[in-house]
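Peer 1: Sequence:
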Amino acid sequence: MVDTDSDGRRPVFAAERRQRILELVRANGAVSLRELAQAVQSSEVTVRRDLRALESEGLLNRHHGGATLPGDLNREASYVQKVALSSAEKSAIADLAASLVEDGDAIVVGPGTTTQEFARRLSRHTELAVVTNSLLVAQALAGSPRIEVMLTGGTLRGPILALVGSAAERSLAGLRVRRAFISGNGLTADRGLSTPNMQVACVDQALAAAAEEVVVLADHTKIGIDAMVQTVSAEQIDHLVTDDAAPRDVLDELGGKGVRLHVAQI
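Residue numbers (the UniProt record's numbering): 1 to 266.
I should point out that these hints are in silico values taken from the structure, not numbers from a laboratory. For every residue, glycine included, the Cβ atom is placed at its ideal position computed from N, Cα and C. Fair warning: there could be bad hints in the mix.
[Claimed, not checked] Each pair of labels, with its calculated beta carbon distance range:
| hint | residue 1 | residue 2 | range |
| --- | --- | --- | --- |
| 1 | Asp244 | Leu151 | 30 to 38 Å |
| 2 | Glu57 | Met198 | 30 to 38 Å |
| 3 | Glu127 | Ser56 | 41 to 49 Å |
| 4 | Val45 | Asp105 | 41 to 49 Å |
| 5 | Arg178 | Lys257 | 20 to 28 Å |
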């Protein structure tokens, strides 16, 4: 079978295109509709049709604006897999999130490729104190002499280059800062922020508990997605920084629960 895109692109074999889509989702865990369309050089309308076909065969799960693998609730993508995903969106989210930081603030920052981008934008601040369990965040701030960086203790979790475990949680006990900037693998109005790994979730919860306000950084591929372990409920999230491809219905639900929305334009 040969499909012709509605936007006039050259005909392509549907089976070949769907195989490529499946390979991308298997390699990355979650991929946005926009990224899939670009990768297979087809329209989003065509890719939506492909996703419906692949879902009907049980090969993937369709979500708002993208797709994930079946049984993906406990799958933890590595740093290498995540770093190239939604790079433009992560950059725009990081820019917008950095505007929520003021000179003299004390903040905590969790692990993730988006929080790494966010940390890179903090160098212009002075008298900033940053506590993190992320080696990537600490590395991003290492060259900023006006920022005091404190790493938690803990056991290194290689896939995400972050410190976890009871030592990391104890490092955060009794701490009080203005804001926590955290990410995750999924965000829904029903369950809030979630992640596939229990140890990661426990430290994220300790980061959130240390802050007066919780700021979640999540690109559109994570909105409407669930992972296995809840980090913070929607009611505990004060701010969400996302991009303009995030599904509007989920954002409206989150806004109805008191989450202040900051949407970066791509």
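Peer 1: With respect to the beta-carbon atoms only, verify the hint that Val45 and Asp105 lie 41 to 49 Å apart.
Peer 2: For Val45 and Asp105 the Cβ distance comes to about 45 Å; the hint holds.
Peer 1: Assuming the hint says 30 to 38 Å, is it satisfied by the Cβ distance from Glu57 to Met198 or not?
Peer 2: Given about 32 Å between the Cβ atoms, the range holds.
Peer 1: Given the hint of 41 to 49 Å, check if Glu127 and Ser56 actually sit that far apart at their C-beta atoms.
Peer 2: For Glu127 and Ser56 the Cβ distance comes to about 56 Å; the hint is violated.
Peer 1: Starting from the hint 30 to 38 Å, judge whether the C-beta atoms of Asp244 and Leu151 obey it.
Peer 2: For Asp244 and Leu151 the Cβ distance comes to about 34 Å; the hint holds.
Peer 1: Does the beta carbon distance between Arg178 and Lys257 stay inside 20 to 28 Å, or does it fall outside?
Peer 2: holds (22 Å)
Hint check: a violation occurs at hint 3 only; the rest are consistent with the structure.
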